[in-house]
Amino acid sequence: MALIETAGLTKRYSAVTALDGLSLEVEPGIVGLVGPNGAGKSTLIKILLGLVDATSGSAEVLGLDAAREGLRVRERVGYMPEHDCLPPDQSATNFVIHMARMSGIPPSHARERAAEVLRHVGLFEERYRHVGGYSTGMKQRVKLAQALVHDPELLFLDEPTNGLDPQGRDEMLDLVARTGNEFGISIIMSSHLLSEIERVCEGLIVIESGQLMRTGRIAELTDETAVLAVEVEWDADRLAALLAERGLEVQALGRTVEVAAAGGADGVHDTILDAVVTLELPLVRLERRRRTLEELFQPATETAGDDA
Amino acid sequence: MTTPEPAPSGAIYDLGYQGYEGPRLGRLYALWSLYLLSLRNAFGIGRGALPKVLAFGLVVFAFTPAVVTLIVGAVVPADDFEIFAPRDYYGIIQFILVIFVAAIASDLVGNDRRSRTLALYFSRPIERDDYALAKIAALSSSLLALTVLPQVVMFAGNALGAANGLDWMRDNVDDVPRFVASGLILCVTFGAVGILVASYAERRAFALISVVAIFFVSLTVVGIIISEIDSDQVRWSLFLSPLHVIDGSTAYIFDAIPQVDEFSRNGEPINQVAWADFPGYIWPLASLAWAALASAIVVRRFRGSI
Chain A
608 MALIETAGLT KRYSAVTALD GLSLEVEPGI VGLVGPNGAG KSTLIKILLG LVDATSGSAE
668 VLGLDAAREG LRVRERVGYM PEHDCLPPDQ SATNFVIHMA RMSGIPPSHA RERAAEVLRH
728 VGLFEERYRH VGGYSTGMKQ RVKLAQALVH DPELLFLDEP TNGLDPQGRD EMLDLVARTG
788 NEFGISIIMS SHLLSEIERV CEGLIVIESG QLMRTGRIAE LTDETAVLAV EVEWDADRLA
848 ALLAERGLEV QALGRTVEVA AAGGADGVHD TILDAVVTLE LPLVRLERRR RTLEELFQPA
908 TETAGDDA
Chain B
38 MTTPEPAPSG AIYDLGYQGY EGPRLGRLYA LWSLYLLSLR NAFGIGRGAL PKVLAFGLVV
98 FAFTPAVVTL IVGAVVPADD FEIFAPRDYY GIIQFILVIF VAAIASDLVG NDRRSRTLAL
158 YFSRPIERDD YALAKIAALS SSLLALTVLP QVVMFAGNAL GAANGLDWMR DNVDDVPRFV
218 ASGLILCVTF GAVGILVASY AERRAFALIS VVAIFFVSLT VVGIIISEID SDQVRWSLFL
278 SPLHVIDGST AYIFDAIPQV DEFSRNGEPI NQVAWADFPG YIWPLASLAW AALASAIVVR
338 RFRGSI
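Residue numbers (my numbering), protein chains in the order written: chain A, 608 to 915; chain B, 38 to 343.
Pulled out of the complex, with its shape left as it was, chain A reads as follows:
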């Protein structure tokens, strides 16, 4: 069963179209949701939680219709908003217990669960102190704890590393990865930093201006755009021309020629070696390169910049 399935999901506010015919299918696992500010990430999460009604189209979460069965969806998912959302005059323990009860967990279980998740996120003695005195990192942990306390099947994390210093960011990402991998809880994590997504996520959804740009497994995405880099001592231009002649997609960068090698690279390998021999060029290096997500989306982000 797909974790999330949307079809033609559209949300229009009076002047703005936040989501524009979004159709996607998300498999269980840790999935990154990427897009520039205003791309529709938060709107998508709110529709999936049943908090906002779509203008048209449908959305299913865990096999439940988000619009009609929002209550049942919210019983089984957890949500960590991007913004501050903790009452400053309560202790983390009391607050998380209360949130467990708000999810239907009976009082005695709620206390156990709160202790358990606060320990998991790394809050110990300080959990009895008022949240108002916490650092940003500690607050983020409490926010994660309240989203986890009712043992959801799916977690929505909206920019969980927001406002954290590099160390706090690392710790939060580790926590997210552990939560997903060890607890078997599926996670949809939004971020505007591709490097973070690449570090912890298996799947990826890219949206921009409310439209789906890309979706799939990160490994496959980077595979698809793999290149073979050929470095020769001289005459890279001639090599590039010859390879292009033989039907390959090439790009010459100084002494290196990058050759597109999507899918299997065996045939491409042979063609390159053949060409190098034909031209009698000294081969320095032939290696397979994956592009990082960052490189992959460079063009997309630039286009977005032009539109704005």
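Treat the hints loosely; a few may be bogus.
Rough simulated footprint, nothing fancy, chain B against chain A, three-plus residues with beta-carbon under 8 Å [to be verified]: (1) 672 to 682; (2) 687 to 696; (3) 704 to 710; (4) 714 to 726; (5) 747 to 761.
Footprint (simulated), chain A over chain B, 3 or more residues, beta carbon under 8 Å [unchecked claim]: (6) 63 to 69; (7) 79 to 90; (8) 147 to 155; (9) 162 to 175.
Ranges of calculated distance between the beta carbons of each label pair, as one might list FRET restraints [said to hold, decoys possible]: (10) B:241 to A:662: 33 to 41 Å; (11) A:674 to B:58: 49 to 57 Å; (12) B:250 to A:662: 35 to 43 Å.
Please keep in mind that the hints were generated in silico from the structure rather than gathered at the bench. Glycine included, C-beta positions come from ideal geometry on N, C-alpha and C.
With chain A's structure known, arrange chain B on it following the hints.
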């Protein structure tokens, strides 16, 4: 002698993550939890010292007429001696009730809005309407401690202090359903109007002033309209003043709407209510209409947020 097996020193037991397999009690239980927490918050329980002092201070004030009646009753041995009568009680402590509502309502709904905790409530298995109604219910029932409870204490005290307690109770037992019914109507009206104002006033101080204003400014303005404008049509304006309406409701329930005379228009609010000469049952109904209308607006307000 058996010795317990020594734990391997330095070992850290990672029990791993435990899923939750226990019961999930659903929406009504969640609402009950929200209601209870709000009720506790109303009296400052689980919060700082100041909210406690404020809330319980006002409760003490609200009890004062009952306590005075009991003390005087104990000192002056007369049976038909009433300092404060049940029918007048809510009118006497009106000001304290408004202050209580003004001080508490903002805490109940304003805090969640200010700290943006609403997003967390709404992402849980309750509906937004539930949240709004739980808050109104919490404020309304906290008011019972300032209204019906002192009446109960006063009634019980009077009965105990009377020369013949059973006789006294037989003579006065009618008051019980009356102060309960009028008290309940008053509590839901104050509760709904208070939450209404607080859910629109973002800042605490502004909420406080607005609650006081909506009760007392309307009381004063409508009072002046009735006494100064020489037209019978102005009697309709009474429905715009919740304190006039509540006074009328309590007086009707106690069957104590005063006689009209030439001074009624310029008199106390309850005399103005009498002057208007609507059928008496209109007042409790109007009070409940205020509560219903205010609740409906509050529900709309929360549907629109987030």
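A quick look at each hint next to the structure:
1. 672 to 682: holds (count 4)
2. 687 to 696: holds (count 8)
3. 704 to 710: Contact hint for the segment 704 to 710 of chain A vs chain B: holds, 5 residues under 8 Å.
4. 714 to 726: That given contact holds, which follows from 3 residues of the segment 714 to 726 of chain A lying within Cβ reach (below 8 Å) of chain B.
5. 747 to 761: holds (count 3)
6. 63 to 69: holds (count 4)
7. 79 to 90: Three-residue rule met by the segment 79 to 90 of chain B, so holds; n is 3.
8. 147 to 155: Check passed, 5 qualifying residues.
9. 162 to 175: holds (count 3)
10. B:241 to A:662: 33 to 41 Å: The hinted range 33 to 41 Å holds for residue 241 (chain B) and residue 662 (chain A), with Cβ atoms some 37 Å apart.
11. A:674 to B:58: 49 to 57 Å: Check failed, 29 Å falls outside 49 to 57 Å.
12. B:250 to A:662: 35 to 43 Å: holds, 40 Å
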